[in-house]
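Start from the sequences, fold in the hints, and give me the full structure.
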Amino acid sequence: MEFVRNCWYVAGWGSEFTRELTAITVLGENVVLYRTSDGALCALQDRCPHKLLPLSKGRLIGDDIQCGYHGMTFGCDGKCVRVPGQDNLPEKATVRAYPVCERHGIAWIWMGEPERAVEDDIFHMTEFTDPAWAPHFGDALYLRSNYLNVAENLCDPAHVSFVHPTTLGNPESEDVPIHAERDGTTVITSRWIRNAPPVGVFKAIADFKGNVDRWHYYYLYSPSIAAIDFGSADVDADLADDDRSQGVRIFALHFLTPVDDTNTIDRWMHIRNFSLDDDEIGGRMNEQFRIAFAEDKDILEAIQEEENKCPDHRPVRIAIDKGANMYRRIVSDMVEQERQELQC
Amino acid sequence: MEFVRNCWYVAGWGSEFTRELTAITVLGENVVLYRTSDGALCALQDRCPHKLLPLSKGRLIGDDIQCGYHGMTFGCDGKCVRVPGQDNLPEKATVRAYPVCERHGIAWIWMGEPERAVEDDIFHMTEFTDPAWAPHFGDALYLRSNYLNVAENLCDPAHVSFVHPTTLGNPESEDVPIHAERDGTTVITSRWIRNAPPVGVFKAIADFKGNVDRWHYYYLYSPSIAAIDFGSADVDADLADDDRSQGVRIFALHFLTPVDDTNTIDRWMHIRNFSLDDDEIGGRMNEQFRIAFAEDKDILEAIQEEENKCPDHRPVRIAIDKGANMYRRIVSDMVEQERQELQC
Amino acid sequence: MEFVRNCWYVAGWGSEFTRELTAITVLGENVVLYRTSDGALCALQDRCPHKLLPLSKGRLIGDDIQCGYHGMTFGCDGKCVRVPGQDNLPEKATVRAYPVCERHGIAWIWMGEPERAVEDDIFHMTEFTDPAWAPHFGDALYLRSNYLNVAENLCDPAHVSFVHPTTLGNPESEDVPIHAERDGTTVITSRWIRNAPPVGVFKAIADFKGNVDRWHYYYLYSPSIAAIDFGSADVDADLADDDRSQGVRIFALHFLTPVDDTNTIDRWMHIRNFSLDDDEIGGRMNEQFRIAFAEDKDILEAIQEEENKCPDHRPVRIAIDKGANMYRRIVSDMVEQERQELQC
Numbered sequence: 001m002e003f004v005r006n007c008w009y010v011a012g013w014g015s016e017f018t019r020e021l022t023a024i025t026v027l028g029e030n031v032v033l034y035r036t037s038d039g040a041l042c043a044l045q046d047r048c049p050h051k052l053l054p055l056s057k058g059r060l061i062g063d064d065i066q067c068g069y070h071g072m073t074f075g076c077d078g079k080c081v082r083v084p085g086q087d088n089l090p091e092k093a094t095v096r097a098y099p100v101c102e103r104h105g106i107a108w109i110w111m112g113e114p115e116r117a118v119e120d121d122i123f124h125m126t127e128f129t130d131p132a133w134a135p136h137f138g139d140a141l142y143l144r145s146n147y148l149n150v151a152e153n154l155c156d157p158a159h160v161s162f163v164h165p166t167t168l169g170n171p172e173s174e175d176v177p178i179h180a181e182r183d184g185t186t187v188i189t190s191r192w193i194r195n196a197p198p199v200g201v202f203k204a205i206a207d208f209k210g211n212v213d214r215w216h217y218y219y220l221y222s223p224s225i226a227a228i229d230f231g232s233a234d235v236d237a238d239l240a241d242d243d244r245s246q247g248v249r250i251f252a253l254h255f256l257t258p259v260d261d262t263n264t265i266d267r268w269m270h271i272r273n274f275s276l277d278d279d280e281i282g283g284r285m286n287e288q289f290r291i292a293f294a295e296d297k298d299i300l301e302a303i304q305e306e307e308n309k310c311p312d313h314r315p316v317r318i319a320i321d322k323g324a325n326m327y328r329r330i331v332s333d334m335v336e337q338e339r340q341e342l343q344c
Numbered sequence: 001m002e003f004v005r006n007c008w009y010v011a012g013w014g015s016e017f018t019r020e021l022t023a024i025t026v027l028g029e030n031v032v033l034y035r036t037s038d039g040a041l042c043a044l045q046d047r048c049p050h051k052l053l054p055l056s057k058g059r060l061i062g063d064d065i066q067c068g069y070h071g072m073t074f075g076c077d078g079k080c081v082r083v084p085g086q087d088n089l090p091e092k093a094t095v096r097a098y099p100v101c102e103r104h105g106i107a108w109i110w111m112g113e114p115e116r117a118v119e120d121d122i123f124h125m126t127e128f129t130d131p132a133w134a135p136h137f138g139d140a141l142y143l144r145s146n147y148l149n150v151a152e153n154l155c156d157p158a159h160v161s162f163v164h165p166t167t168l169g170n171p172e173s174e175d176v177p178i179h180a181e182r183d184g185t186t187v188i189t190s191r192w193i194r195n196a197p198p199v200g201v202f203k204a205i206a207d208f209k210g211n212v213d214r215w216h217y218y219y220l221y222s223p224s225i226a227a228i229d230f231g232s233a234d235v236d237a238d239l240a241d242d243d244r245s246q247g248v249r250i251f252a253l254h255f256l257t258p259v260d261d262t263n264t265i266d267r268w269m270h271i272r273n274f275s276l277d278d279d280e281i282g283g284r285m286n287e288q289f290r291i292a293f294a295e296d297k298d299i300l301e302a303i304q305e306e307e308n309k310c311p312d313h314r315p316v317r318i319a320i321d322k323g324a325n326m327y328r329r330i331v332s333d334m335v336e337q338e339r340q341e342l343q344c
Numbered sequence: 001m002e003f004v005r006n007c008w009y010v011a012g013w014g015s016e017f018t019r020e021l022t023a024i025t026v027l028g029e030n031v032v033l034y035r036t037s038d039g040a041l042c043a044l045q046d047r048c049p050h051k052l053l054p055l056s057k058g059r060l061i062g063d064d065i066q067c068g069y070h071g072m073t074f075g076c077d078g079k080c081v082r083v084p085g086q087d088n089l090p091e092k093a094t095v096r097a098y099p100v101c102e103r104h105g106i107a108w109i110w111m112g113e114p115e116r117a118v119e120d121d122i123f124h125m126t127e128f129t130d131p132a133w134a135p136h137f138g139d140a141l142y143l144r145s146n147y148l149n150v151a152e153n154l155c156d157p158a159h160v161s162f163v164h165p166t167t168l169g170n171p172e173s174e175d176v177p178i179h180a181e182r183d184g185t186t187v188i189t190s191r192w193i194r195n196a197p198p199v200g201v202f203k204a205i206a207d208f209k210g211n212v213d214r215w216h217y218y219y220l221y222s223p224s225i226a227a228i229d230f231g232s233a234d235v236d237a238d239l240a241d242d243d244r245s246q247g248v249r250i251f252a253l254h255f256l257t258p259v260d261d262t263n264t265i266d267r268w269m270h271i272r273n274f275s276l277d278d279d280e281i282g283g284r285m286n287e288q289f290r291i292a293f294a295e296d297k298d299i300l301e302a303i304q305e306e307e308n309k310c311p312d313h314r315p316v317r318i319a320i321d322k323g324a325n326m327y328r329r330i331v332s333d334m335v336e337q338e339r340q341e342l343q344c
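Protein chains in written order, with my numbering: chain A, 1 to 344; chain B, 1 to 344; chain C, 1 to 344.
FYI, nobody ran anything at the bench for these hints, they're computed from the structure.
A quick note: this is a predicted structure, and the numbers were derived from the prediction, not measured.
Wrong hints could be hidden among the right ones.
You can't tell identical chains apart in this list, so a pair holds if it fits in one copy or across any two.
To be verified - 20 Å max Cα-Cα, derived SDA-like pairs, lysine to any residue:
#1 K309 x D261
#2 K203 x P171
#3 K297 x T166
#4 K309 x T262
#5 K209 x P197
The structure is reproduced here in structure tokens:
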């Protein structure tokens with residue numbers, strides 16, 4: 001599998017990184033992250049060029065990282081600053097330094113050409129900074145699945161009726177058609193389920209009297225971030241298809257980090273516009289999400305196992321796949337474009 | 001490894017299958033089995049053609065099976081009967097349906113060309129239905145070994161002297177020659193051990209006064225079923241070589257299901273002509289068999305490990321291998337014949 | 001990886017072998033060892049030529065080994081002495097017999113051409129038999145690492161400053177240059193650390209008043225044995241560089257057994273010239289060694305994992321690698337020479 005390289009991936013929540021050395025794997029590359037004494041993030045290739053020992057097995061000397069085998073030491077820019085036992089520093093004794101940045105409490109890493117890393121390109125939603133909305137962090141979910149299948153699941157309103165019948169969906173939505181459109185490299189899939197009982201996640205936090213209108217708008221930002229606008233309002237509100245301003249509403253965010261060909265981390269959180277200061281409500285919602293995402297994990301890992309067995313399988317396509325097919329084509333084009341640019 | 005496909009394999013004891021979805025693997029293919037509302041067996045390819053999710057992760061809707069991801073639903077004939085969110089059913093949306101049949105309390109499956117499945121070809125012994133004989137079911141023994149080695153062990157009277165010294169054999173038989181003959185695709189290996197102490201399995205159930213004559217007749221029905229006629233009578237009975245009518249006598253049956261190249265299930269049971277209604281006697285015999293077959297498992301799995309290390313090894317052949325060599329040739333011919341028929 | 005075959009490897013401490021059958025793996029070959037009734041060692045290929053069962057799953061009949069499957073039996077010379085059920089012995093029914101020898105309480109095995117095995121070539125130090133010195137056996141340390149990396153670590157005085165800061169090294173030695181020289185197929189690396197605090201292993205057993213002069217002389221006998229002359233004396237002793245006669249002194253011995261391409265056993269022991277009869281002192285030193293060698297294991301296994309990921313990696317070379325580079329060239333030449341001799 002080839003990956004899109006020139007984009008910002010999530011390395012972790014900002015809170016995961018300290019003065020301790022933390023080893024992660026992104027796009028199959030081992031990276032060691034730590035904070036310098038002024039709190040800035042530093043990300044280096046996690047492999048000493050001398051004997052290949054992961055640098056994460058060494059230790060910090062000030063803001064430099066010292067290999068745990070023979071003490072070869074590197075600065076945050078990846079350049080060697082010391083080789084014990086000799087005065088000269090070998091020209092090739094460098095490790096790759098990755099651009100990193102912290103935004104909205106999230107640590108971002110750029111796996112592509114460093115000179116193309118622009119911090120303003122980092123994923124942003126106005127709701128992150130809008131005082132009418134409150135973010136609530138969730139978990140890092142490890143999936144033994146390639147990230148494309150995980151992402152497909154995030155532009156797929158149809159599966160909630162079958163995979164998440166107690167939390168995010170219910171049988172009333174089984175046959176409701178899905179609208180899919182493309183906006184640049186973003187895929188938007190959506191549907192309204194009208195006049196149906198509320199689903200589990202909203203029953204857990206709101207006190208609906210009867211049936212509701214429910215909307216699902218999945219914004220999948222290629223290659224690896226999804227924001228799912230998900231809400232319900234009493235049927236009496238009689239909402240138009242373009243009105244998501246009433247009732248309860250959340251954005252469920254998913255930041256996918258492709259670990260390697262068959263492993264992905266899905267870091268998820270939500271942003272809501274109600275009970276802003278009530279952490280207990282956020283916790284109750286996360287409990288619902290944990291149930292739902294464990295169901296996704298079960299499905300996605302089973303699919304990965306089958307794909308490993310029959311890599312040449314050509315799937316049957318059905319109507320609900322429209323968004324997923326758009327997404328696959330976008331990623332394929334992004335990878336191809338990077339390939340061609342590298343050849344120039 | 002190629003398998004013989006046009007034959008009935010054991011999918012399980014009949015009691016293993018209910019209205020629950022049960023996943024099994026036969027000849028490397030994943031199959032889901034369940035009973036319809038009228039109790040009939042249904043066996044389908046265990047992989048949704050849409051996103052590859054095993055159908056066994058879904059659920060029954062009446063007698064149809066619904067995929068747990070997007071609800072695509074299939075009937076017992078493997079044809080798609082529903083695709084949620086659309087009215088038309090894609091032509092390719094089918095899964096393979098396997099002929100299945102229940103006989104003698106055993107569930108049989110046909111992995112080859114469905115039009116060649118004839119239920120009368122299912123393995124049968126008159127003793128199954130003869131009131132003078134009583135069947136007693138045993139276990140499903142999982143072996144990390146290819147089925148050819150397991151089957152060889154079932155036309156091999158010689159190994160009991162060394163592998164099963166406390167149950168099925170004893171040192172008196174070490175050097176007794178073995179007779180091997182071929183009858184169509186069946187291999188029959190046999191020997192009489194005359195005037196020797198009784199072996200463990202018979203000591204556990206019969207009260208012999210002194211030495212016995214013991215017979216072993218191994219009927220190996222290629223490619224995967226063995227019936228071992230095994231008995232002992234007091235030496236005073238002075239039995240002729242063709243007389244197995246006296247003393248205690250059992251048929252130990254082994255039904256091999258090749259799971260894949262290196263895994264096999266051996267479902268075993270026995271039929272006996274004494275103490276027909278005494279379940280306790282059957283249980284005591286099974287205890288002896290469990291000891292013996294665990295010894296076989298240990299040997300056969302060790303051999304598989306060695307074969308994996310040196311796949312090109314050419315074994316030394318000795319006199320006792322005659323039956324095994326016949327069996328290997330029969331299976332090789334059966335596989336080759338199926339290959340040629342497919343090319344026509 | 002190719003191995004040097006024509007040399008004596010350590011099969012185990014002599015105490016590891018009894019009348020029980022013991023299975024070991026050396027250079028990727030499975031070997032079964034046992035003692036004959038007169039106490040002599042016998043080493044045979046651990047695989048019956050009939051059905052490949054490891055002979056170690058069989059049992060001894062006198063001084064012969066009987067296969068646990070069909071009773072084929074072999075003498076210490078690897079020749080078949082019995083095939084149950086037949087009188088003739090097939091010509092090919094032999095297993096390889098390995099020259100073995102016991103010296104200094106250690107069992108040695110020769111994996112190369114048997115006619116070239118000369119017992120006088122077994123590793124020897126006069127200190128083994130000198131009454132002024134006492135040996136003290138240690139453990140068998142299993143490392144998931146190829147033996148070349150383990151051996152490199154045994155001609156590498158530099159790593160102790162970083163890997164073993166509490167036991168064998170300390171920061172004072174970080175930048176002290178290393179001398180490396182070659183003597184035939186032996187690599188000798190050494191350095192003196194002058195006027196520094198004593199290291200942990202010596203503090204545990206000696207009562208130094210202040211700083212010491214410390215020497216490390218690593219004798220690496222290619223391909224797989226190291227003797228590390230390691231000692232300290234009070235700075236007042238004012239030792240010359242060629243004087244290691246004072247203070248405390250030990251030889252730490254490492255006998256590497258390459259199990260296969262990525263696994264090695266390091267059997268270690270020490271010989272000391274003080275407190276000869278005090279087992280408690282030896283035990284206390286071994287505790288220090290266990291801490292230190294667990295640190296090596298951690299490093300060497302991490303390196304092996306990285307090498308598996310990038311087998312074509314070309315490491316950066318630095319000054320301290322001189323001894324390791326000599327060693328790699330010697331082993332490479334030894335392997336090449338054996339290859340050429342086999343072609344003649």
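query = How do K203 and P171 come out at 20 Å by Cα distance, when the copy is not named: within, between, both, or neither?
reply = within (16 Å within a copy, 62 Å between copies)
key: Copy assignment of K297 with T166, given that the CA separation must stay at most 20 Å   = within (16 Å within a copy, 45 Å between copies)
key: Within, between, both or neither, where K309 and T262 count as close if Cα-Cα is 20 Å or less   = both (13 Å within a copy, 16 Å between copies)
query = Under a CA distance limit of 20 Å, which applies to K309 and D261: within one copy, between copies, both, or neither?
reply = both (14 Å within a copy, 14 Å between copies)
request  = Tell me, please, which holds for K209 and P197 at an alpha-carbon limit of 20 Å: within, between, both or neither?
outcome  = Within. Shortest intra-copy distance 10 Å satisfies the 20 Å Cα cut-off; inter-copy 79 Å does not.
The structure agrees with every numbered hint stated previously.
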